[in-house]
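K.L.:
First residue of the sequence shown: 1, per full-length UniProt numbering; consecutive thereafter.
Wrong hints could be hidden among the right ones.
[As the list claims (entries may be wrong)] Keeping only pairs whose Cα atoms sit at most 30 Å apart, straight-line, the calculated BS3-like set for lysine-lysine is:
(1) Lys266 to Lys279
(2) Lys286 to Lys258
(3) Lys72 to Lys58
(4) Lys41 to Lys58
(5) Lys117 to Lys75
(6) Lys72 to Lys97
(7) Lys128 to Lys187
(8) Lys96 to Lys75
(9) Lys97 to Lys129
(10) Lys274 to Lys242
(11) Lys75 to Lys58
(12) Lys129 to Lys269
(13) Lys41 to Lys96
(14) Lys274 to Lys250
(15) Lys59 to Lys266
(16) Lys202 to Lys250
(17) Lys274 to Lys286
(18) Lys279 to Lys242
(19) Lys187 to Lys214
(20) Lys39 to Lys75
(21) Lys294 to Lys266
(22) Lys202 to Lys97
(23) Lys96 to Lys202
(24) Lys258 to Lys294
(25) Lys129 to Lys59
(26) Lys41 to Lys92
(27) Lys92 to Lys117
(28) Lys286 to Lys250
(29) Lys284 to Lys258
The set of hints was computed from the structure by calculation and includes no laboratory data.
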Amino acid sequence: MFAINPYFQASQQGSTYDFDSLINYLNNVQRQQFHEQSKPKIVKKIETEDEYQIQVYKKTGDFNNYEVRAIKVPKQFSQQPQLINVILQSAKDSFKKTFQFKEQDINVEDINWEWYKQENILVLNVPKKVHVCHSNSFEDLASMLGFPFGAFGLQQQTQKKPTPVAMERSRSEQARLQAEAEEIARKEAEEQLRQQQEEERKAAISRREAEERKAAEALARAEVERARIEAEERAQREAKEKARREAQEKERREAQEKARREAQEKARKIAEAKIAESKAAEAKRKTAEQERIKQQREAYENMLRQQQEFMNNFFGPYLSHNFGTGSVPVSPPTSRPTSTQATSEKTESPAKANYDSDSESITSEPETSSEKSHPKESEEMHRLHKHPSLEEVDDEEFVLFNKKFGDQK
């Protein structure tokens with residue numbers, strides 16, 4: 001028998017040993033051993049004065065399917081005694097035993113057997129031949145008279161009438177056989193009980209190991225299922241987190257795009273407002289410039305008018321023939337009087353300066369057309385007939401002023 005550790009832990013299920021195959025192998029070995037022990041076997045071979053006894057023991061079952069045969073063995077030599085094989089066999093129990101005897105030693109026709117049911121022992125009796133010594137004359141006389149006093153007849157009489165000693169020997173032999181059979185049955189019962197207990201112990205160990213293995217497998221399946229659920233939950237969380245990050249990124253990009261568009265729109269509006277403001281400022285500046293120019297022109301015209309009136313009032317009695325027909329330049333002074341180029345340009349082309357300032361030519365009197373037609377003649381006449389005043393004689397600035405506005409040199 002194989003020793004099995006009943007305290008083997010089921011936690012070693014992942015080892016390389018296949019305990020199911022080992023348990024099945026042990027069960028097969030146990031069944032083979034039990035089958036070998038339950039097969040019929042020869043327990044004793046006894047030779048007495050009258051017969052040969054062969055005792056066959058069987059643990060369970062009967063001997064109804066057993067048979068005995070006697071077969072002659074072919075001679076290899078003519079002087080060799082004839083041999084007979086006595087074969088005891090059972091096809092059901094796969095049992096076959098062969099016993100060899102000399103033909104002259106056994107009586108084949110009287111082979112018999114006895115079955116002791118209590119001990120379940122089959123005793124095969126092979127009788128011996130009885131050899132009787134007698135004279136030939138007596139045998140011949142007996143045969144002539146018809147008395148069966150031959151060898152065969154004597155043998156039959158001897159077998160039919162056993163002696164008391166043989167009967168006593170047979171009874172003692174039967175008692176001995178019965179005692180031995182009882183001892184064998186007791187030992188077999190003890191062995192059977194021991195084997196049954198061992199089988200029950202192994203079955204309990206196998207059940208416990210199977211239960212532990214099932215528990216370990218259930219625990220492993222639960223662990224796998226828990227790991228699978230955790231993996232699915234982790235995957236779901238990661239998917240949700242990814243979707244949340246993508247949504248946040250999308251919102252951030254949309255917010256950036258919106259802010260960019262709003263900034264562009266704001267910048268555009270600011271630019272438009274600045275352009276409008278600059279345009280308004282430019283228009284305002286132009287309007288103010290025009291107003292300033294207009295005011296300057298009006299002031300200049302007023303000044304010229306006042307000068308004309310002053311000169312007419314002051315010099316009218318003396319120069320009435322000149323001042324009455326003279327012309328006064330009406331171009332207003334430029335905003336930068338220090339610029340000689342601008343002054344020369346205005347002096348040389350007064351029409352152009354009047355076009356830039358969006359002003360019209362203003363004449364003091366309608367006689368300017370005649371003055372323009374004869375500018376040199378008027379100047380010469382004016383120089384010839386001019387009488388200097390006290391201011392012109394005393395103050396040289398007035399002469400320069402007179403040259404600046406009236407003298408065309």
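K.L.:
The structure should be examined with respect to each hint, and the outcome stated for every one.
P.N.:
Hint-by-hint comparison with the structure:
1. A C-alpha spacing of about 19 Å is found between Lys266 and Lys279, which places the hinted pair at or below 30 Å, so the restraint holds.
2. Annotation: proposed proximity of Lys286 to Lys258 is violated, straight-line Cα distance about 40 Å (limit 30 Å).
3. The straight-line distance between the Cα atoms of Lys72 and Lys58 is roughly 28 Å, inside the 30 Å bound, and the hint therefore holds.
4. Between Lys41 and Lys58 the alpha-carbon distance is near 7 Å, which keeps this suggested pair within the 30 Å criterion.
5. Among the hinted pairs, Lys117 with Lys75 is inconsistent with the structure: their alpha-carbon atoms are about 40 Å apart, more than 30 Å.
6. Restraint check for Lys72 and Lys97: satisfied, since their Cα atoms lie roughly 16 Å apart, inside the 30 Å limit.
7. For the hint linking Lys128 to Lys187, the alpha-carbon distance of about 34 Å lies beyond 30 Å, and the restraint is violated.
8. A C-alpha spacing of about 23 Å is found between Lys96 and Lys75, which places the hinted pair at or below 30 Å, so the restraint holds.
9. Between Lys97 and Lys129 the alpha-carbon distance is near 23 Å, which keeps this suggested pair within the 30 Å criterion.
10. For a cut-off of 30 Å, the pair hint linking Lys274 to Lys242 is broken: about 46 Å separates their Cα positions.
11. Restraint check for Lys75 and Lys58: not satisfied, since their Cα atoms lie roughly 35 Å apart, outside the 30 Å limit.
12. For the hint linking Lys129 to Lys269, the alpha-carbon distance of about 147 Å lies beyond 30 Å, and the restraint is violated.
13. Straight-line distance between C-alpha atoms of Lys41 and Lys96 comes to about 10 Å, which keeps the hinted pair within the 30 Å bound.
14. Between Lys274 and Lys250 the alpha-carbon distance is near 35 Å, which puts this suggested pair outside the 30 Å criterion.
15. For the given pair, Lys59 sits about 113 Å from Lys266 by alpha-carbon distance, which is inconsistent with the 30 Å threshold.
16. Distance restraint check for Lys202 and Lys250: the Cα-Cα separation of roughly 70 Å exceeds the 30 Å cut-off, and the hinted pair is therefore not satisfied.
17. Proximity of Lys274 to Lys286 is assessed by CA-CA distance (about 17 Å); at most 30 Å being required, the pair is judged to hold.
18. Distance restraint check for Lys279 and Lys242: the Cα-Cα separation of roughly 53 Å exceeds the 30 Å cut-off, and the hinted pair is therefore not satisfied.
19. At roughly 39 Å between alpha-carbon atoms, Lys187 and Lys214 are farther apart than 30 Å, so this suggested pair is violated.
20. A threshold of 30 Å between alpha carbons decides the hint, and for Lys39 with Lys75 the separation of about 34 Å lies outside it, so the pair is violated.
21. The straight-line distance between the Cα atoms of Lys294 and Lys266 is roughly 40 Å, outside the 30 Å bound, and the hint therefore fails.
22. A C-alpha spacing of about 36 Å is found between Lys202 and Lys97, which places the hinted pair above 30 Å, so the restraint is violated.
23. The straight-line distance between the Cα atoms of Lys96 and Lys202 is roughly 34 Å, outside the 30 Å bound, and the hint therefore fails.
24. A hinted pair counts as satisfied when its Cα atoms are at most 30 Å apart, and Lys258 with Lys294 does not qualify at roughly 51 Å.
25. Under the criterion of a C-alpha separation no larger than 30 Å, the hint pairing Lys129 with Lys59 is inconsistent with the structure, at around 33 Å.
26. Between the alpha carbons of Lys41 and Lys92 the distance comes to roughly 14 Å, so the proposed pair stays at or under 30 Å and holds.
27. Among the hinted pairs, Lys92 with Lys117 is consistent with the structure: their alpha-carbon atoms are about 19 Å apart, no more than 30 Å.
28. The suggested pairing of Lys286 with Lys250 is violated, with an alpha-carbon distance near 51 Å, which exceeds 30 Å.
29. Proposed proximity of Lys284 and Lys258 is contradicted: the alpha carbons are some 37 Å apart, above 30 Å.
Comparing the model with each numbered hint stated earlier shows that hints 2, 5, 7, 10, 11, 12, 14, 15, 16, 18, 19, 20, 21, 22, 23, 24, 25, 28, 29 do not hold.
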